[in-house]
Amino acid sequence: MTAETLTPDTLRPATSPTMYFVGVTTGSSAIHRVFAAWRPLLGLDDVELVGIDVPVGADAAVYRRVVAHLRDDELSRGALVTTHKLDLYAASTDLLRRVNDDAARLREVSALVARDGWIDGHALDTITSQLSLQAIVPRLAGRDVLVMGAGGAALALCDYFAHRAGADAPGRVVVTDIADDRLASIRTDIGGGNPAIEWVTHRLSPGETHDELLAGLTPGAVVVNATGMGKDRPGSPLTDAAVFPSGGYAWEFNYRGELGFLRQARARAEADGLTVEDGWRYFVHGWTRAVDAVFDLGIPTAGPDFERLYDAAQEVR
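Residue numbers (the numbering used here): 23 to 339.
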């Protein structure tokens, strides 16, 4: 079942306290079921969750229309932003009263908080990436990591490696993308970070896959699909002939869509000794951090209260 969604052209005044979900195809997201299960647990029974579908690479005016609506509408409380984190920040920084330190450094917004005619921007993916990765890879130190894609979520993950992982930092990180400007953003952010990490950025040529880069990873490496392929765009960054690093980890940032990369990793899991993870825990951490920012609830990142929310989400997945 697909939930009703809005577009930047059909925004209307909220009739009850409302949190939004700014994405590409928000109606098919599990968050509509999950949020309904969370409402009584979080004391948000009167709050509505509404999706706003925005095409990838929309004009700056489109993002500004969304931000201005949230700022000016009395009952709009804020939003979680996916896919559009970098573009929304670039288009609408001057509309934001303030941004948190991570948003200013990464030049992205993953959550918007609105009250009484003002709106703030937060980058939360650095926290989400850390929490999710630590649940997947018990010890990261010294490993190779291949991050396929250099959008907002990948930038936040690399920021964690460079500035927060400390003694658990990977030994070498390879980041790829088709766009030079996104790779430049990665290089800018990691500057001044942990000098023990070897960084490689690789711009993909048209039609190039990641198979050869995968073959160059050491055993136990972590492979991350942050391209959006398999969710917002069809396909996978690998071919079906790709061989994963022995004893490694395959992490698909997404949990819905055709998920070609996830299918490939699962097919190779036994032969290559892989631990394979989809984006569900990342999804739950991301949404709990955003809901906490919007409503200031003090939601924990671990422990019984977090697991209660995680379990409720699992039940309706």
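No lab work stands behind these hints: they were computed from the structure. All residues carry an ideal CB built from backbone N, CA and C; glycine is no exception. Please note that a few of the clues may not be correct.
Derived Cβ-Cβ restraints for the label pairs, each shown as a range [claimed, not checked]:
id, residue 1, residue 2, range
1, Thr37, Val338, 18 to 26 Å
2, Gly79, Glu280, 34 to 42 Å
3, Glu280, Glu26, 18 to 26 Å
4, Leu319, Thr115, 43 to 51 Å
Evaluation of the provided hints:
1. The given range of 18 to 26 Å is respected by Thr37 and Val338, whose C-beta atoms sit roughly 25 Å from each other.
2. The hinted window of 34 to 42 Å between Gly79 and Glu280 is violated, with their beta carbons roughly 21 Å apart.
3. Taking 18 to 26 Å as the suggested C-beta distance range, the pair Glu280 and Glu26 conforms, at roughly 24 Å.
4. For the pair Leu319 and Thr115, the beta carbons lie near 27 Å from each other, so the given range of 43 to 51 Å is not met.
The structure fails hints 2, 4 (numbered hints given earlier, in ascending order).
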